[in-house]
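K.L.:
So you can see what is in the structure, the chains are spelled out below.
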Amino acid sequence: MMTPLFKYGFFGEEFSLLVAFVLGVGFGFFLERAGFGSARKLAAQFYLYDMSVFKVMFTAIVTAMLGVTYLGWLGWLDLDLVYLVPTHLGPQVVGGLVLGVGFVVGGYCPGTSVAALATGRFDAMLYALGIFAGTFAYAQVYPAIQGFVNANPMGQVTLPEVFELPWGLVVFVVVIIAVLGFWGATLVERRFRSEP
Amino acid sequence: MTARLPDPPRAPAVAGAGPGAPYLNPYLAGIGLGLVLLAAFVLVGRGLGASGAFSSTLSWLVNLVAPAHAQANLYMQDYLGDGTTHPLKAWLVFEVVGVAAGALLSGLLAGRARFTVEKGPRVSTAIRLLCAFAGGMLMAFGAHLARGCTSGQALTGGALLNVGSWAFMLMVFVGGYAVAWFMRWQWR
Numbered sequence: 004m005m006t007p008l009f010k011y012g013f014f015g016e017e018f019s020l021l022v023a024f025v026l027g028v029g030f031g032f033f034l035e036r037a038g039f040g041s042a043r044k045l046a047a048q049f050y051l052y053d054m055s056v057f058k059v060m061f062t063a064i065v066t067a068m069l070g071v072t073y074l075g076w077l078g079w080l081d082l083d084l085v086y087l088v089p090t091h092l093g094p095q096v097v098g099g100l101v102l103g104v105g106f107v108v109g110g111y112c113p114g115t116s117v118a119a120l121a122t123g124r125f126d127a128m129l130y131a132l133g134i135f136a137g138t139f140a141y142a143q144v145y146p147a148i149q150g151f152v153n154a155n156p157m158g159q160v161t162l163p164e165v166f167e168l169p170w171g172l173v174v175f176v177v178v179i180i181a182v183l184g185f186w187g188a189t190l191v192e193r194r195f196r197s198e199p
Numbered sequence: 113m114t115a116r117l118p119d120p121p122r123a124p125a126v127a128g129a130g131p132g133a134p135y136l137n138p139y140l141a142g143i144g145l146g147l148v149l150l151a152a153f154v155l156v157g158r159g160l161g162a163s164g165a166f167s168s169t170l171s172w173l174v175n176l177v178a179p180a181h182a183q184a185n186l187y188m189q190d191y192l193g194d195g196t197t198h199p200l201k202a203w204l205v206f207e208v209v210g211v212a213a214g215a216l217l218s219g220l221l222a223g224r225a226r227f228t229v230e231k232g233p234r235v236s237t238a239i240r241l242l243c244a245f246a247g248g249m250l251m252a253f254g255a256h257l258a259r260g261c262t263s264g265q266a267l268t269g270g271a272l273l274n275v276g277s278w279a280f281m282l283m284v285f286v287g288g289y290a291v292a293w294f295m296r297w298q299w300r
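Same order as they appear, the protein sequences are chains A and B. Under the numbering used here, think of the first position of the first sequence as 4, with each following residue one higher. Under the numbering used here, think of the first position of the second sequence as 113, with each following residue one higher.
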């Protein structure tokens with residue numbers, strides 16, 4: 004059996020929406036389990052006394068990365084059919100910076116704000132309204148900035164392709180960096196947890 | 113018949129985190145999230161997301177109130193489509209509705225779902241809500257510039273070794289740490 008199932012025609016558009024809902028339930032469940040329905044827990048990442056954001060995110064990335072790697076090697080997953088967001092380094096670097104600032108100011112990112120507002124956090128509800136306001140503002144200025152947003156297209160491209168390294172080697176390096184990061188994050192937490 | 117014993121007090125996982133069961137170990141939660149993401153790749157051939165659902169919903173709302181404006185806008189046109197499909201009949205909209213349902217389920221099971229405002233001890237509720245709104249606006253701008261947020265770019269693209277996603281993720285931490293000191297009154 005070859006996957007992605009949807010791309011191989013195992014089910015249609017309508018059923019994929021049901022799959023989206025079920026996957027969303029799993030996503031939201033684990034976000035809340037991790038404590039990401041709380042802006043204080045999320046913001047703690049930037050004050051170094053609780054590095055859960057880093058730990059959860061990198062564990063998830065490593066888990067899914069190893070999953071697609073092994074399924075690809077076994078011939079069960081056609082990675083070429085998994086959608087990659089096209090790379091435009093300029094807007095993605097600026098966007099990341101702006102989003103990072105918004106994270107510390109607002110306390111959430113879009114996904115975690117949904118988990119938080121669903122569990123009754125009023126600040127997350129205001130945050131979501133802010134996303135709507137920001138999206139509306141963005142839509143108004145988009146015609147003026149679309150040159151920048153679409154500049155320097157690199158297409159759908161991966162780190163192994165850009166650095167001309169074997170996929171497996173890059174995966175191995177990411178795992179090593181993650182493990183060292185987890186160890187470092189725990190040391191940092193220990194150092195900063197005692198602060199008021 | 114045995115007497116019912118009162119529940120033992122539960123220690124908050126974060127200082128001042130309030131009542132409710134302690135949070136799940138971050139590595140176990142990460143493996144759970146990673147398996148959901150992997151399931152998305154295997155089942156549908158795409159990753160998870162969030163900000164796109166807000167774009168669809170906003171485009172739909174603006175199209176209800178001011179259809180001429182929405183349909184003339186380059187950005188909202190993309191989310192409205194050619195008019196044959198309802199703008200809310202989008203993959204990410206269904207996924208995000210699931211996120212709300214899954215989070216509520218987890219929050220109710222753990223006794224963490226309650227009406228409250230998440231903030232540090234030194235900031236007033238009004239200022240905190242204002243910051244949340246401003247943060248949401250900034251986040252929206254950043255996410256649209258970057259073609260995705262922490263879910264669609266960092267998490268999904270991170271696992272697929274997407275070049276733009278790794279550049280984006282690095283800059284999220286740079287941006288966050290750059291302003292953390294100036295915003296500490298809100299959290300500590």
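Bear in mind the hints are in silico, worked out from the structure with no lab data behind them. Here a beta-carbon is modelled for each residue, glycine too, at the ideal position from N, C-alpha and C. Honestly, I wouldn't trust all of these hints.
What the hints assert, rightly or not - Output of the computed footprint for chain A on chain B, the stretches with three or more beta carbons under 8 Å from beta carbons of chain A: (1) 134–148; (2) 175–181; (3) 223–236; (4) 281–295.
K.L.:
A separate judgement is required for each hint: does it hold in the structure or not?
P.N.:
These are the hints, each one checked on the structure:
Counting residues of the region 134–148 of chain B whose C-beta lies closer than 8 Å to any C-beta of chain A gives 12; at least three are required, and the coverage claim holds. With 0 residues having a beta carbon nearer than 8 Å to a beta carbon of chain A, the region 175–181 of chain B misses the requirement of three or more and the stated coverage is violated. With a cut-off of 8 Å between beta carbons, the region 223–236 of chain B has 9 residues touching chain A; three or more are needed, and the interface restraint holds. For the region 281–295 of chain B, the proposed coverage by chain A is satisfied: 13 residues have a C-beta within less than 8 Å of a C-beta in that chain, meeting the threshold of three.
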